[in-house]
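Protein chains: 2
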Amino acid sequence: MNTLSPDVSGQSGGSQQKTLRHVVLVKFKETSSKADIEKVEKAFAGLSKTISLIKTFEWGTNNSPENLNQGLTHCFLAGFSTEKDRDDYLVHPLHKEFVALAQPHLDKVTVIDYWVKP
Amino acid sequence: MNTLSPDVSGQSGGSQQKTLRHVVLVKFKETSSKADIEKVEKAFAGLSKTISLIKTFEWGTNNSPENLNQGLTHCFLAGFSTEKDRDDYLVHPLHKEFVALAQPHLDKVTVIDYWVKP
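Protein chains in written order, with the numbering used here: chain V, 1 to 118; chain X, 1 to 118.
So that you can see chain V by itself, here it is in the shape it has in the complex:
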């Protein structure tokens, strides 16, 4: 079992970086089309390329057999180095633009951020 970590392939030595994880779970509206949803998925993933404050990013769609997803179908997982970076991301113009694009399609959103503990 390894501790999940930011991609360390670019690091030399064994230096440990602290990571602030940003977990966003989403349920889209019934009225949103597959194309609408794909537009939001791509836009969110795109932020990780245009906003350098985002240190790590991944996402995916629910396949849990436990039926505890409370209707939420998507998880987007970003990592930041500091709380300031996370705060700056939240008010970043490109993030605000993304929120404006996504908002009309969001039925439910759950967000938890946490400092990673092993």
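Keep in mind the hints are simulated off the structure, nothing from the lab.
All of these numbers come straight from a predicted model, not from anything done at the bench.
Some hints here could point you the wrong way.
[To be verified] Here are some, though not all, of the chain V residues that point toward chain X, as calculated from beta-carbon distances under 10 Å: (1) R21; (2) N63; (3) T73; (4) H74; (5) E83; (6) V111; (7) W115.
Where a beta carbon is used, it is the ideal one built from N, C-alpha and C, also for glycine.
Starting from the structure of chain V, add chain X where the hints point.
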């Protein structure tokens, strides 16, 4: 921006492993004490040491300023290599023992699993 990945420090070359992420968000009962909660936190983290199916593990407590955590305060994040490993984990005796220990203290639980996409 790096893609979040399992700890690759033990790998040679640049081989890419697929990861099935298992996200567990929890709200504890008002009646559960700090000691009760710490017992559950330690037991969950302990599983990642005793159940070898768990490839990556981390956890933490919410510090998001967005107030979108829906009362959920804890995130536990595990990674598996296959859906079979995730399924075997869910019915593993040590996992069942953990659920029995945690259940009396859980008010709300949200679980999403997903294959990691960059």
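Do the hints match the structure? See the list:
no.	hint	result
1	R21	7 Å, holds
2	N63	5 Å, holds
3	T73	8 Å, holds
4	H74	8 Å, holds
5	E83	7 Å, holds
6	V111	4 Å, holds
7	W115	5 Å, holds
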